Amino acid sequence: MSKSSFTALLIIAMTLFFIAMVIADSDQYQYKEHEYGEHEEHDRFARSHYMNDVHYALYASECGECHMAYPPAMLPALSWQTIMRNLDDHFGDNAELEANISQPIDLFLVTHVAGENSGYYGRRWWRSTGDSRPPLRITETNYFRAQHHEIPAKLAEDNPEVGSLSRCDACHANADKGNFDEHQVQIPGYGRWDD
Amino acid sequence: MKYRRLVIFPTCLSLLLLSSLNANATGVIDQLLEIYSNQGAGSFSAKHGRTAWSQTHHVKGQQRACSSCHSNELTKAGRHKITGKIIKPMASSVNSERLTDRKKIEKWFKRNCKWTLGRECTAQEKGNYLLYLKQF
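From first to last, the protein sequence lines stand for chains L and Y. With the numbering used here as the guide, the letters of the first sequence map in order to residues 99 to 293. With the numbering used here as the guide, the letters of the second sequence map in order to residues 1088 to 1223.
Just chain L, with the same shape it has in the complex (with noise of 0.2 Å):
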């Protein structure tokens, strides 16, 4: 080969280098979405135990009325514990529930919360609160806020379909096994969701 043509294509390779180089950069969230083979593993939390465990069936439905069933892992012990302490006034409702009931979900719930041995979403969630207190929503978690805050609330709050990021189940259809993979988001009245 000429060494003026071993130049180009050296500049071609570079110029693909960098292009690939920028393309992969583009998606990064502070918490490093990507890092770990992301896209091998959509479902983590329908592989992740708490749905096995034998007093899921209960609190699926006993914290499944009004809402959606969501996973322990998405908050830590305090946050769980100060919720379960104050079900007379539950974000303005009330959810008593009698102490046989409320006790085998308590355990489940401190089995199962963000922790760094629960699991892929729980490592994250629970390192996303650092050292400052955890709040009561999902919603407001640190993780949760990376996580959605290029959506604008036309799709979402202002949204008649939707109406709160708390009903995880408007966009994730799949929600209810877990599943809360991006590629898999259909935003009711808009379709799919793309970054």
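Calculated from the structure, these hints are not laboratory results. As the structure is a computational prediction, the values presented were derived from the model and not from experiment. By construction, the Cβ of each residue, glycine as well, lies at the ideal position given by its N, Cα and C atoms. Among the hints, a few may not be true.
[To be verified] Straight line, CA to CA, 30 Å or less: simulated DSSO-like cross-link-like pairs of lysine-lysine:
1. Lys1191/Y with Lys1175/Y
2. Lys275/L with Lys1175/Y
3. Lys1168/Y with Lys275/L
[Unchecked claim] Stretch by stretch, here's where chain Y covers chain L in the computed footprint (C-beta under 8 Å, at least three residues):
4. 181 to 192
5. 261 to 275
[What the hints assert, rightly or not] The following label-pair restraints were derived from C-beta to C-beta distances:
6. Ala1133/Y with Ser230/L: 46 to 56 Å
7. Tyr154/L with Asp1188/Y: 14 to 24 Å
8. Glu280/L with Asn1159/Y: 34 to 44 Å
9. Ala1133/Y with His147/L: 42 to 52 Å
10. Lys1163/Y with Arg235/L: 26 to 36 Å
11. Asn215/L with Ile1169/Y: 25 to 35 Å
12. Trp291/L with Asp1117/Y: 50 to 60 Å
13. Ser1141/Y with Glu214/L: 48 to 58 Å
14. Gln1118/Y with Pro202/L: 19 to 29 Å
15. Ile1169/Y with Trp291/L: 18 to 28 Å
16. Glu1121/Y with Pro233/L: 42 to 52 Å
17. Phe116/L with Ile1169/Y: 47 to 57 Å
18. Glu214/L with Thr1113/Y: 52 to 62 Å
19. Asp229/L with Ala1152/Y: 39 to 49 Å
Using the hints provided, position chain Y relative to the given structure of chain L.
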């Protein structure tokens, strides 16, 4: 009768089984009405139940009524005011599971009376509500 014992046992057994199968809304409501009577309630009124259903109460700075979430049309679905979750109709004529579980009825009376009225309902009030709902 010669075979009295032979007849009595299976008769009692079948009556027992039949009574346990009567888990439809009417049976459960009647059981609860009897319990409320024993707790000191007077005669129940579906008319009072109807009035109470749509009566608004000022609680924690809000106007609240049963119909806020359950709708005034009992054969239609309601909607949770905050979460937007669909609440199946209160009428057992269109929702066969409605008002068939005593524990469930008591659980929701406790929560919803506290939220709507700011206090637990009395046995009289609960009976009135049930007699009203029984019509649907």
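Which of the stated hints cannot be reconciled with the structure, identified by number in ascending sequence? Violated: none.
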